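Starting from the known structure of chain A, arrange chain B on it as the hints suggest.
So you can see what is in the structure, the chains are spelled out below.
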Amino acid sequence: MGPGLIREAKASLMSLDGTAGVMINGEHRRVPSGTSLAQLIAEVGLDPQRVAVERNLEIVPRSTFGEVTVEDGDEYEIVHFVGGG
Amino acid sequence: MTDTWTVADRTFTSRLIVGTGKYKDFEQSAAAVEASGAEIVTVAVRRVNISDPKQPMLVDFIDPKKVTYLPNTAGCFTAVEAIRTLRLAREAGGWDLVKLEVLGEAKTLYPDMRETLLATEVLANEGFKPMVYCVDDPIAAKQLEEAGAVAIMPLGAPIGSGLGIQNLVTIRLIVEGAKVPVLVDAGVGTASDAAVAMELGCDGVLMNTAIAEAKDPIMMARAMKLAVESGRLAYLSGRMAKRRYADPSSPLAGLI
Numbered sequence: 000m001g002p003g004l005i006r007e008a009k010a011s012l013m014s015l016d017g018t019a020g021v022m023i024n025g026e027h028r029r030v031p032s033g034t035s036l037a038q039l040i041a042e043v044g045l046d047p048q049r050v051a052v053e054r055n056l057e058i059v060p061r062s063t064f065g066e067v068t069v070e071d072g073d074e075y076e077i078v079h080f081v082g083g084g
Numbered sequence: 000m001t002d003t004w005t006v007a008d009r010t011f012t013s014r015l016i017v018g019t020g021k022y023k024d025f026e027q028s029a030a031a032v033e034a035s036g037a038e039i040v041t042v043a044v045r046r047v048n049i050s051d052p053k054q055p056m057l058v059d060f061i062d063p064k065k066v067t068y069l070p071n072t073a074g075c076f077t078a079v080e081a082i083r084t085l086r087l088a089r090e091a092g093g094w095d096l097v098k099l100e101v102l103g104e105a106k107t108l109y110p111d112m113r114e115t116l117l118a119t120e121v122l123a124n125e126g127f128k129p130m131v132y133c134v135d136d137p138i139a140a141k142q143l144e145e146a147g148a149v150a151i152m153p154l155g156a157p158i159g160s161g162l163g164i165q166n167l168v169t170i171r172l173i174v175e176g177a178k179v180p181v182l183v184d185a186g187v188g189t190a191s192d193a194a195v196a197m198e199l200g201c202d203g204v205l206m207n208t209a210i211a212e213a214k215d216p217i218m219m220a221r222a223m224k225l226a227v228e229s230g231r232l233a234y235l236s237g238r239m240a241k242r243r244y245a246d247p248s249s250p251l252a253g254l255i
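Chains A and B, in that order, give the protein sequences. Residue numbering for the first sequence follows numbering that gives the first Met the number 0, beginning at 0 and increasing consecutively. Residue numbering for the second sequence follows numbering that gives the first Met the number 0, beginning at 0 and increasing consecutively.
FYI, nobody ran anything at the bench for these hints, they're computed from the structure. Source: prediction; values computed, not measured. The C-beta atom is built at its ideal place from N, Cα and C for all residues, glycine as well. Be a bit skeptical, because a hint or two may be false.
[What the hints assert, rightly or not] Quick look at which bits of chain A chain B covers, simulated, 3 or more residues with Cβ under 8 Å:
1. 17-27
2. 33-46
[Stated by the list, open to error] Going by beta-carbon spacing under 10 Å, a handful of chain B positions derived as facing chain A:
3. TYR22
4. LYS53
5. MET56
6. VAL58
7. ASN71
8. ALA73
9. ARG83
10. GLY159
11. ALA211
Pulled out of the complex, with its shape left as it was, chain A reads as follows (with noise of 0.2 Å):
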């Protein structure tokens, strides 16, 4: 079995419990089937105006945070700006 078919083996398992498995800067966490990822980001209690997020390697521009669907497997990193020289 190749690793599409695992993939695919796995989607159709995750889907079965109706959530999505994801990466968070490195964390898992699970959400409902269908979640958008401006509701993502406020289940994780962050305000989107502060952060960017980065969703398997790609830029997600702010304003189409309510328009992506979160989907099993994804990978995001949310970060902001700290002090630095």
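Then chain B, alone, in the frame of chain A:
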């Protein structure tokens, strides 16, 4: 006389850029920025702590509407990492003016110039305005400028070392050859070091540790503000020529 400098079409009065790292807390960081008179501050891009999302944030203490945030790529050791970081920074803040640094090794934090040049080209092509941390090499400085660097920022000594400007001759060569602003980035330890950088004709100085690790960072921030201003004035005023021997300041005529 108003003495301003311009980088990527933005004009500033203060020639001191300060970092916001290594402070005791955000309050101290903000107070140091205030005392320094800096109009640009460097900031880093890092993961949000999703386990504690309500932690205070830098933007609550230093208002990006009042002070220009200059996102950096500190901690990046490849062009790919640095570009990825700055794309996120642009999305987070909407800024295209950025500080690029691609480090070569942890021990010296010397820049990796091959990766730095590559990243400068890519970023400039994507519309970024990269101010670039680099070695004190006049040829490398030229190459960066050709690649689209909007400012050349050679180190005066290793980052965080506080050793002072160790390379007066090469910094001056870069100043003479550059068509974009030149700022000493790294190496300043105390106020006189900042003055030296400005007396060489640099357009500005960037520092973090010299202020943050002073016993009284707020007082040192003010000292740096004054040093940058006095170094600049000394440069503009045109210093006297050096002599090998004494030349009396009082008239020799009329001695009793």
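These are the hints, each one checked on the structure:
no., hint, result
1, 17-27, "holds (count 4)"
2, 33-46, "holds (count 3)"
3, TYR22, "6 Å, holds"
4, LYS53, "6 Å, holds"
5, MET56, "6 Å, holds"
6, VAL58, "6 Å, holds"
7, ASN71, "6 Å, holds"
8, ALA73, "5 Å, holds"
9, ARG83, "8 Å, holds"
10, GLY159, "8 Å, holds"
11, ALA211, "8 Å, holds"
This entry satisfies every hint, going by the numbered hints stated previously.
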